[in-house]
Every structure is written in structure tokens, then in C-alpha cells.
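J.: Let's have the full structure, built from the sequences with the hints guiding it.
Numbering (my numbering), first residue to last: 1 to 386.
Careful: at least some of the hints might be erroneous.
[Claimed, not checked] Dumping the calculated SDA-like pairs for lysine to any residue here, alpha-carbon to alpha-carbon at most 20 Å: (1) K333 - M317; (2) K236 - P258; (3) K333 - V204; (4) K333 - L222; (5) K333 - V201; (6) K333 - G344; (7) K333 - P212; (8) K236 - D259; (9) K333 - T215; (10) K78 - G148; (11) K333 - G203; (12) K333 - A235; (13) K333 - I323; (14) K333 - A165; (15) K78 - E299; (16) K333 - M188; (17) K333 - D219; (18) K236 - L327; (19) K78 - D302; (20) K236 - T223; (21) K78 - P9; (22) K333 - H213.
[Stated by the list, open to error] Restraint-style ranges between C-beta atoms, simulated for each label pair: (23) G224 - G198: 49 to 55 Å; (24) Y208 - V161: 15 to 21 Å; (25) L99 - P9: 38 to 44 Å; (26) M34 - S216: 30 to 36 Å; (27) V113 - M154: 25 to 31 Å; (28) S108 - P144: 36 to 42 Å; (29) R82 - P9: 16 to 22 Å; (30) G116 - I89: 20 to 26 Å; (31) I26 - F184: 28 to 34 Å; (32) V113 - S51: 22 to 28 Å; (33) R56 - L93: 17 to 23 Å; (34) A202 - P144: 28 to 34 Å; (35) A286 - S71: 25 to 31 Å.
By construction, these hints were calculated from the structure, which means they are not laboratory data. For glycine and all other residues, C-beta sits at the position ideal for the given N, C-alpha and C.
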Amino acid sequence: MVSRVERGPIADWFWTIDRWLLAAFITLMGIGFMLSFAASPAVAERLGYDSFFFVRRHALFIAPALAVMISLSFCSPKMIRRIAIVMLIGALLAMVAALFIGTSNNGSRRWIVILGQSVQPSEFLKPAFAVVCAWLFAEHQRYPEIPGNLFASMIFIVSAVLLIAQPDFGQTVLLSIIWGGIFFMAGMSWIWIVGLGGASVAGVLAAYTWLPHVTSRIDRFLTGEGDNMQVELAAKAIQRGGLFGQGPGEGIVKRRLPDSHTDFVFSVAAEEFGILFCLFIVAIFAFIVLRGLMHAYRERDDFTRYAVAGLVLQFGMQSIINIGVALQLMPAKGMTLPLISAGGSSMVATCVGAGFILALTRHRPEKRARQDHYYEPGKPRGVAAE
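T.: Shown next as C-alpha cells:
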């Protein structure tokens with residue numbers, strides 16, 4: 001345990017970071033590693049690998065992902081902003097490259113090989129996008145002559161076009177929610193709300209009309225007809241688990257789920273450990289989102305407030321989509337459960353977002369002290385003199 005009287009980077013970090021949020025993120029990573037033993041062996045055997053192939057791959061990414069999260073949590077808001085800008089540019093360039101030289105899987109070009117590793121650039125786009133858009137919206141509020149809203153809108157349009165080109169409609173929807181949520185916090189007018197609402201409806205209808213895979217998934221969800229094998233098996237796994245589950249290694253339905261270790265890991269958790277365990281997982285996700293929003297509500301700085309809210313909104317909505325698909329509440333969509341599903345890009349990118357959240361929510365009393373020191377008589381503390 002680090003003493004409060006100690007001074008130094010580690011001690012200052014330990015006593016200023018939100019340790020509850022840090023514990024919640026690490027707990028989810030531990031649950032994900034545990035579930036990899038339950039969910040991945042059957043998939044590995046079907047693909048001709050040894051039983052623990054995906055378990056080893058999952059374990060291989062835990063240490064670097066954790067190191068990324070902890071390292072970023074030491075950064076100042078200014079450093080976080082700069083890192084996010086560089087990451088956003090890199091992710092957009094990599095997404096363009098993926099359309100031409102990326103590896104194809106099920107008709108989508110979302111991955112690119114970097115140093116022998118398959119990377120999904122759109123995963124790294126999301127946390128960087130939230131931070132950069134938060135900065136642009138905050139700058140426009142601070143200096144109205146800066147077209148921050150316009151720049152944020154242009155970045156959103158470019159990102160959405162690249163995602164649709166892959167195609168990845170689910171990530172496009174998630175990015176739209178992040179952008180709209182931050183814009184709403186920044187004081188979106190009713191004209192924008194109505195206009196964007198209409199544009200969203202038009203976008204969904206256009207995707208349904210012109211994108212065959214979107215049409216197929218929505219039709220299968222609405223009618224129940226067609227190839228619904230995965231979602232039906234996922235529902236059966238949840239039903240079979242009951243309240244307390246069948247026990248570790250006793251799952252049967254999971255063995256027939258092709259994506260049991262990624263998109264449907266929640267169903268595996270339900271079958272082997274029960275609904276109560278799944279509710280515990282949901283409670284951790286809810287705790288992270290609510291605690292992050294509480295930090296955002298208390299924060300004075302617009303950039304920090306918008307960035308934290310956008311990051312936890314991304315984290316929460318991605319988990320809702322993944323769990324909603326497993327419960328047959330949403331059309332099937334290949335989206336991972338943050339920090340739990342297998343996938344190196346997803347885990348590292350989620351830890352980038354977690355590191356951003358931890359850095360931006362750290363207590364910085366020295367900054368508040370400087371703000372409180374400069375004030376005019378008659379004005380409340382914290383209001384700087386003109």
C-alpha cells in the first residue's frame with residue numbers, strides 16, 4: 001500500500017486515480033480471461049487448433065492491454081488530447097488502407113496486418129473519436145469563432161463513410177450515438193435535434209434498402225425466418241443456464257455456437273455460471289457508466305466533461321448492443337463485449353478508452369487551487385478575474 005505522505009509519480013497516481021473504476025476494469029478483464037476457458041476450446045477444435053489456442057491468444061493480450069491502460073492513466077488531459085489526435089489520424093489512414101490491402105472476412109474488409117498481427121483499425125477509432133470530438137465541441141463553446149462543431153461533423157462524416165465502405169453498419173451506429181451524445185451535451189439546438197433525428201431514420205432506411213446484409217439481418221430479426229442459428233443457440237444457452245448455471249465446463253449448447261468466444265460470450269457465461277452471474281457482469285458495466293457520468297457531471301472543464309461522457313457512452317452502448325443481440329432484443333451484429341470477448345484489437349482499444357477515462361477523472365487539486373487563488377472580491381471562489 002502506498003502511503004499518503006509519500007510524494008512521487010506512483011504515489012500521486014495512486015491517490016488521485018479513481019481506484020473503483022480501475023478495479024472494475026480489471027475485474028472485467030479477469031472475467032474475460034476466465035470465460036475464455038469456457039467459450040473458446042470448442043471453437044478452436046472446430047477450426048483445427050488445439051483446445052487452448054484462443055485461451056493463449058487471449059492471455060497474450062492481457063499484459064500489453066493492461067500496460068496501455070495504466071500508462072495512459074498517468075497522462076494529463078492535454079497529453080490525452082494529443083494522443084487521441086494522433087490515434088484518430090492513424091486509425092483513419094489504416095481504415096483507408098484496409099479497403100485496398102486489408103484481409104477479407106465474411107465479405108468485410110475491416111482488418112489490416114501490422115507487424116504480423118491482424119489489427120482492426122475501427123476499434124482504435126472509437127476512443128480517439130470521442131476525445132477529439134469532445135475537444136472540438138468544447139473549443140467552439142469557449143471560442144465561438146472556432147468552427148469546432150463543423151470540424152467534429154466533418155470527422156464524423158469521414159469516419160462513417162469509411163465504416164460503411166467496409167461495411168460495418170453496427171460500428172457506424174455506435175459512432176453516431178457517441179457523436180450525437182457529445183453534441184447534445186455541448187448544447188445542440190432543437191433544429192439540430194430534429195434534423196439529425198430525421199437523418200438517422202433516413203440512414204437506417206437507406207441501409208435497409210441498399211445494403212443486403214443489413215436487410216437480411218433486420219428481416220431475420222423481425223420475422224424469425226432464415227438463418228438464425230447463432231441467435232437461437234445463444235437464447236437456448238441462456239435458458240439452459242437458469243439462475244445458477246450448469247457449472248464450469250458443463251455447457252453443451254455453447255459447443256455449437258461458432259462465435260461463442262467473441263460475439264456470444266455472454267450466452268456462454270449464462271449457460272455455465274447462470275443468470276445471477278450475468279447480472280453481476282451487467283452491474284459492473286452499469287457501475288462504470290454511472291460513475292463515469294457522475295465524474296462528468298461534477299467536472300468544470302468542458303473538454304474533460306464531454307470526453308468522459310463520450311467514452312463511457314461508447315463503453316456502455318457497446319455492451320448493451322452485444323448483450324441485446326444475445327438476448328434477441330436486437331438484430332444480430334458482430335460487436336464484442338468490452339474487456340470480456342476474445343480479440344486483441346478489441347481488448348487493447350478498450351483499454352485505451354479505459355486509460356483515457358482514468359486519466360481524465362483523476363483528482364487534480366493543484367489545478368483547482370490555482371483557479372481558486374485568482375478571483376475578484378465579491379465573486380465566488382473558482383471564478384477567475386477578468
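J.: Hint by hint, note whether the structure agrees.
T.: A quick look at each hint next to the structure:
no. : hint                    : result
1   : K333 - M317             : holds (13 Å)
2   : K236 - P258             : holds (14 Å)
3   : K333 - V204             : holds (14 Å)
4   : K333 - L222             : holds (14 Å)
5   : K333 - V201             : holds (19 Å)
6   : K333 - G344             : holds (19 Å)
7   : K333 - P212             : holds (14 Å)
8   : K236 - D259             : holds (15 Å)
9   : K333 - T215             : holds (12 Å)
10  : K78 - G148              : holds (17 Å)
11  : K333 - G203             : holds (17 Å)
12  : K333 - A235             : holds (15 Å)
13  : K333 - I323             : holds (11 Å)
14  : K333 - A165             : holds (16 Å)
15  : K78 - E299              : holds (16 Å)
16  : K333 - M188             : violated (29 Å)
17  : K333 - D219             : holds (13 Å)
18  : K236 - L327             : holds (10 Å)
19  : K78 - D302              : holds (13 Å)
20  : K236 - T223             : holds (18 Å)
21  : K78 - P9                : holds (17 Å)
22  : K333 - H213             : holds (10 Å)
23  : G224 - G198: 49 to 55 Å : violated (30 Å)
24  : Y208 - V161: 15 to 21 Å : holds (18 Å)
25  : L99 - P9: 38 to 44 Å    : holds (42 Å)
26  : M34 - S216: 30 to 36 Å  : holds (34 Å)
27  : V113 - M154: 25 to 31 Å : holds (29 Å)
28  : S108 - P144: 36 to 42 Å : holds (41 Å)
29  : R82 - P9: 16 to 22 Å    : holds (19 Å)
30  : G116 - I89: 20 to 26 Å  : holds (23 Å)
31  : I26 - F184: 28 to 34 Å  : holds (31 Å)
32  : V113 - S51: 22 to 28 Å  : holds (26 Å)
33  : R56 - L93: 17 to 23 Å   : violated (31 Å)
34  : A202 - P144: 28 to 34 Å : holds (30 Å)
35  : A286 - S71: 25 to 31 Å  : holds (27 Å)
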